[in-house]
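Position chain B against the provided structure of chain A, taking the given hints into account.
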Amino acid sequence: MTTVPHQIMWNRLISIVEEQAQALIRTAFSTSVREAGDLSAGVYDVAGRMLAQAVTGTPGHVNAMADAVAHFIREIGAATMAEGDVYITNDPWMGTGHLHDITVVTPAFHLGRHVGFFGCTAHVVDIGGRGFGADGNSIYEEGVQIPIMRLMDRGRVDATLIALLRVNTREPDQLIGDIHALAACNGIGTARLSAMLAEYGAADLAAIADFILDHSRRATLARIAALPLGTARAQMRIDGFSAPVDLCVRVTIAADHIAADFAGTSAPDPKGINVPLVYTKAYACYALKCAVAPDIPNNAASLEPFRITAPEGTIVNAIRPAPVALRHVIGHLIPDTVYGALDQLLPDTVPAEGAGALCNFQVSLRPLGAGRRAEVLCFNSGGTGARPGLDGLSATAFPSGVMTMPVEATEHAGPVVIWRKELRPDSGGAGRRRGGLGQVMEVGARDGYAFDFSAMFDRMHHPARGRAGGQAGGATEVTLSDGTTLPGKGRTAVPPGATVRLAFPGGGGIGDPRDRDRAAVRADLALGYISAQAARDIYGLDEDT
Amino acid sequence: MMQTANLGVDIGGTFTDVVLETGGQSHSTKVLTAYAAPEEAILDGMAQVCAKAGLAPGAITRIIHGTTLATNALIERRGARTAFVTTEGFRDTLEMRSESRFEQYDLNLTLPPPLIPRDARFTLRERIDAGGGVLIALDPAEVAALADRLRDFQSIAVGFLHSYLNPAHERMVRDILAARLPGIAISLSSEVSPQMREYERFTTTCANAYVRPQMESYLGRLRARLAATGATCPVFLMHSGGGIMSLDSAAQFPVRLVESGPAGGAIFAADVARRYALPRVLSFDMGGTTAKICLIRDGAPKTARVFEVARSYRFKKGSGMPISIPVIDMVEIGAGGGSLAQVDALGQIRVGPESAGSEPGPACYGRGGTRPAVTDADLILGRLDPDGFAGGSIPLAPAASAAALDQHLAAPLGCDTLTAAFGLSEVVDENMANAARVHAVESGEDLTGYTMIAFGGAAPLHAGRLCQKLGIDRLIVPPGAGVGSAIGFLRAPYAYEATRSVYMRIDGFDAHKVATLFAALRAEATDFVLSCDAQATVDAAHKAYMRYAGQGWEIPVALPRAMAETPTAEGFLALFEAEYAALFGRTVAGLAVEITVWAVNAATPLPTPALTPPAATAQPVATTPRALHDAARGTMQPAAVAPRALMRDGAHLPGPAIITEAETTIIIPAGFTATGRADGCIDITRGQP
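Chains as they are written, first to last, in the working numbering: chain A, 23 to 567; chain B, 3 to 691.
Looking at chain A on its own, in the form it has when it is part of the complex (with noise of 0.2 Å):
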């Protein structure tokens, strides 16, 4: 027998699973789904092993999605599962690791009989409690919290759970219209893999899945075997919110898994910046996996040898009821942290340090006479580390996968003014590679409104480090037009006519600036990439060569 079309099937699953985001994208209300693209939607085999997952998405959806499923069939009850069931959590522990992140799980049944499952995730808008910031001091004042039940009974939907969510939120309409486009997309999903099923005359997904799994489990095994053995440590300081955080991982590559240890990592802070575990593995796995196997696709087999643990009462596996819901800032910074020991095991692979967490911000405008108020909500990114043969990214995220919104539309939702949004010369660590460059932003309001300023940044005291001569990145700054310096997280009351001056974090350098080749550095001079200053006293360029 022909393995053809197995390699079909499999191929076709990844296209139903992107077919189900794309549905997703399109009916959803929420900025952060629709704009920048934080969700992701998966297939998983009647064991809830995944099988193919949607490349649109973040990592860190996407990695902690794979371990939902399981959580979804102990607590329902495969036994009591019917067709029409669609069920529902927002447990930051059992799905994506803050309560704005909606974990839909619809059964999938095909001629009667129960296949597998197809899951989905979207950040929504809003989920009650305090709003969306790092200020809460435990997950009861994050939100209202949904843990796994069912949302349709055989097609009925529980109106209980939707008045009670409509009534605890900012927005309901949008909430309950996510969810409903959450649920919509699974339908979509299933239906293709019914039609499929149909197409190969194959019962279930037992065959397609044993050959996805085995498939994908040696591949990655194969490349795990091709890497030297080793153990390396690396520690990385970072801004936190309280206090300094230190995060640190013992990552050791065996011959048939690779293996991350955060002990010694700091413990929780007292604000919501704290990770589940479930995140941690997601962005950890995500590194690792973008290193030594990325062609391979996301499934359970593929994820499988990539080992994440991290002792209980450490920053990155806060417990209930840890405040999380700024868990992206310090999940963001966790590659960055498992590539410095990466790096001493696999030489000449993994960038250096770069900007790591988005530099979002979020204005609260109220007029100063009549009109309306408004929340404007802005995603923006600093510079990727350089990488062993290559600059780094200006201006781009990573290792989130999410886009920035058009200035335009960005002042089409408020009285808000963007008066820059451009490169910030001299921020790319410099080295033989440099660094990308952050950005510089200047945010004021419309005349006749106030503003309060929401930071949700890192990097302020701690940017990021260049490697092996490389020099640091540009550190975040963030100032009032008047020049006093605002902190790095947390809300601001910007006075009257006054703006907000932002300069975001560049990616750290590689090697010795001098090293650099004398054409990229006169390139990056007369492009403005580097000021005349940095291209003579960093790279020792010789104005008369």
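If you are wondering where the hints come from, they were derived from the structure by calculation, not from laboratory data.
For each residue, glycine too, the CB sits at the ideal point set by N, CA and C.
If a hint is listed, it holds; no wrong ones were tucked in.
Below 20 Å or equal to it, Euclidean Cα-Cα: the simulated SDA-like pairs (lysine to any residue) are:
| hint | chain 1 | residue 1 | chain 2 | residue 2 |
| --- | --- | --- | --- | --- |
| 1 | B | LYS304 | B | ASN436 |
| 2 | B | LYS471 | A | ALA220 |
| 3 | B | LYS471 | A | PRO27 |
| 4 | B | LYS471 | A | ALA217 |
| 5 | A | LYS293 | A | VAL166 |
| 6 | B | LYS471 | A | GLY223 |
| 7 | B | LYS471 | A | ILE210 |
| 8 | B | LYS515 | A | HIS434 |
| 9 | B | LYS471 | A | MET218 |
| 10 | B | LYS318 | A | ASP317 |
| 11 | B | LYS319 | A | ASP317 |
| 12 | B | LYS471 | A | HIS28 |
| 13 | B | LYS515 | B | VAL599 |
| 14 | B | LYS54 | B | ASN8 |
| 15 | B | LYS471 | A | HIS132 |
| 16 | B | LYS54 | B | THR24 |
| 17 | B | LYS32 | B | ALA49 |
| 18 | B | LYS515 | B | LEU575 |
| 19 | B | LYS304 | B | ALA560 |
| 20 | A | LYS293 | A | GLY335 |
| 21 | B | LYS471 | A | ALA224 |
Some but not every residue of chain A turned toward chain B, in silico, with C-beta under 10 Å:
| hint | residue |
| --- | --- |
| 22 | PRO27 |
| 23 | ASP195 |
| 24 | ARG214 |
| 25 | ALA217 |
| 26 | PHE401 |
| 27 | ASN402 |
| 28 | GLY411 |
| 29 | ALA417 |
| 30 | MET425 |
| 31 | GLU430 |
| 32 | VAL439 |
| 33 | ILE440 |
| 34 | LYS443 |
| 35 | GLN461 |
| 36 | VAL462 |
| 37 | ARG468 |
Simulated DEER-style distance windows between Cβ atoms:
| hint | chain 1 | residue 1 | chain 2 | residue 2 | range |
| --- | --- | --- | --- | --- | --- |
| 38 | A | PRO316 | B | PRO400 | 34 to 44 Å |
| 39 | A | GLU105 | B | GLN639 | 35 to 45 Å |
| 40 | A | ARG192 | B | SER314 | 40 to 50 Å |
Quick look at chain B alone, frame taken from chain A:
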């Protein structure tokens, strides 16, 4: 009255196709594209078809031209030295893009360099707000000072924030620069692409400026050379939106010529759709390097407001330049007859986007190619006759195909040649089917009940299998499939879509503003069409792009003329809710509705083509046998071969069967039946009628 003689010319990457229609006859030819002087190939082809028709060039009444030259200049970065002038604080918008990575797992990802490098981007102190008001006035003295720094450039693009709402500052820059820098082409974002979202608008404007000197020069030479042969008739250009525009407009807005060839193909398919009164059609155009898929509803190709050109990373979404102009919405993937196959790290067959092109070509061409291409698989599977390819002009070598398949696929996979060939073919077909499915869902469509129309050299070989994969029951292969785009040009209307981004909520509906806006758009679009043909009847179609406040995807809502002239909030809302329910099954109660983009499409009415009469009484055709691979059984099975010339009206050929012609080969899978039709189409339906 003088007899009409219409000439359609499509300059493609390899061939320039020329079609002359006159006196009910059609004459076509293909000549090799001449990169240095593309007009030479046109003159050559025109001479050939004129000779066939016994017509002098002076008797041609209309020339319609589409070209890939603008696209190629963008892909190959062979444009003019171009400067970009923008708002202070936004020098790097072009370079920062959406700030995302289009490939999540590649640590060594490189982003395409911006079309205009940083040292050719200049800023001026000025600012328009989101309401169109002036926050900072532009100082003419600053513009004059900037002019001195722009002397070395051949072309200038100007893009200010919110200029789609208030173009005054951009126009002031043009006036001052034009006076100081005579002869330099200046492109304004408020004219090239007056839509919200600065990155897309600026990129589009820069692309226009970048190709403009070259295209102006080419179009000028073309007009002169045509006139010298006596062809003094009007020359029109096919644009990306599927309509035709004047040569002068094209010289000013050459970015609108991008992908005009494939747009012609979609028009070609739409014409067939109308001849058969087909409400829902999937057009499938597969050539040597890419396949293009487009949805056609009620005889009109689906359109969009933005698409991507010059994708730099395996045709991956996000890796190219977004061009924000009205376009026929197509998905293009790297799957053609020349696409090459290999086995990847997982032991899976991968096909494309790398292509063998025409040199060296697939292994079976015997021109030095050693890697297996889609055409090699087609040959081994019995779909191609080694002695009948391209009318017998290119003899194919099955042994070379088998050797390439064995070495690169069969050996690493541990299977035989036939299985490797089928695997390759299945993978490329599945790639295309997946692209079609995702495109359909992105368009809110389900392909059940669609009819496929296939054209392009490789499409009829794969269309039958694609129909099986997509659950499509009917496939039509029109005649002239090899020069479909050029024929399509001759079916296109004079058309122009004017669009504007103006944000408005239904609960803040300003009827006067809406009526004024539509009147301005209608005048702009209509004038454009009248500039092509001053006597033309012009139909104007009005659309508003609407969504629930909070959603990111607008849906186009067609508005009756009366609703555009005397608009009401209730009327807009009712039309939106009807459309939304049709697409997504339900409306969402209690949410505000907003309008983001307004559009008027002015076009000359399409002549209603005569419906193809029902097929004549079924007649069997004489056939010869050939072994053809059967997908369901996985083995070679006997199939009936008939030349297309025998497929006259009513000719009846059940699958598995093969219809041969010089330009292509049509495969009829088992379970399908082909019927010849009066207009020369081959009509293939599932089942045995």
